[in-house]
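> Sequence:
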Amino acid sequence: MLDIQKRRVRLLLVITGVLALSMTAEKSRELVGKEVSSKSGQFTFMNCFDMGSGSLTCTVKEGVKLYVNNIRSAHLEMVRQ
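In case it helps, mature numbering (1 follows the signal peptide of the UniProt record, and there is no 0) puts the sequence shown at residues -20 to -1, 1 to 61.
I should point out that these hints are in silico values taken from the structure, not numbers from a laboratory. Keep in mind that this is a model prediction, so the values were computed, not measured. Don't be surprised by glycine CBs; every beta carbon is placed ideally from N, CA and C. Some clues are possibly wrong.
Unchecked claim - If you anchor each label on the Cβ, the simulated ranges turn out as follows: (1) Asn50 with Asp(-18): 18 to 24 Å; (2) Lys41 with Met3: 18 to 24 Å; (3) Glu6 with Thr37: 17 to 23 Å; (4) Gln(-16) with Ala5: 28 to 34 Å; (5) Gly(-4) with Thr39: 34 to 40 Å; (6) Arg60 with Asp(-18): 16 to 22 Å; (7) Gly43 with Gly(-4): 38 to 44 Å; (8) Val(-7) with Lys41: 33 to 39 Å.
What the hints assert, rightly or not - Cross-link-like lysine to any residue pairs, in silico, SDA-like; alpha carbons within 20 Å at most: (9) Lys7 with Arg(-13); (10) Lys45 with Glu57; (11) Lys41 with Lys(-15); (12) Lys(-15) with Gly(-4); (13) Lys45 with Leu1.
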């Protein structure tokens, strides 16, 4: 029973953290201006859950990010040895 409550609290904290980061990023873009902010800011976190092209886009984006980070870490390991 206690394990389920810990999971619920952890899930709630993760969701709250993601929403806080999303709102902070949006406010930062407003302060800086549309011309100066990165163009990736036009893709919102909520696009990942539209069960359409946004979900596919988000999956591809995250996959490419993981792939690039994996290559980068493998290269660093080779350089360190």
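> So, for every hint listed, does it hold in this structure?
Results for each hint:
In this structure the hint that asparagine 50 and aspartate -18 lie 18 to 24 Å apart at CB is violated, the actual value being about 32 Å. Range check, lysine 41 to methionine 3: Cβ separation about 20 Å, and the 18 to 24 Å hint holds. The hinted window of 17 to 23 Å between glutamate 6 and threonine 37 holds, with their beta carbons roughly 19 Å apart. For glutamine -16 paired with alanine 5, a C-beta distance near 31 Å keeps the hint of 28 to 34 Å intact.
For glycine -4 and threonine 39, the Cβ-Cβ distance of about 21 Å falls outside the hinted range of 34 to 40 Å, so the restraint is violated. Between arginine 60 and aspartate -18 the C-beta distance comes to about 40 Å, which lies outside the given range of 16 to 22 Å. Our hint of 38 to 44 Å for glycine 43 and glycine -4 is violated, since their Cβ atoms are close to 23 Å apart. Look at valine -7 against lysine 41: about 19 Å separates their beta carbons, and that is not inside 33 to 39 Å.
Only pairs whose Cα atoms come within 20 Å are accepted, and lysine 7 paired with arginine -13 is rejected, the gap being roughly 29 Å. At roughly 18 Å between alpha-carbon atoms, lysine 45 and glutamate 57 fall within 20 Å of each other, so this suggested pair holds. For the suggested pair lysine 41 and lysine -15, the alpha carbons sit about 31 Å apart, so the restraint of at most 20 Å is broken. Of the pairs offered as hints, the one joining lysine -15 and glycine -4 holds, with about 16 Å between alpha carbons and a cut-off of 20 Å not exceeded.
For the given pair, lysine 45 sits about 19 Å from leucine 1 by alpha-carbon distance, which is consistent with the 20 Å threshold.
Comparing the model with each earlier hint shows violations of hints 1, 5, 6, 7, 8, 9 and 11; every other hint is respected.
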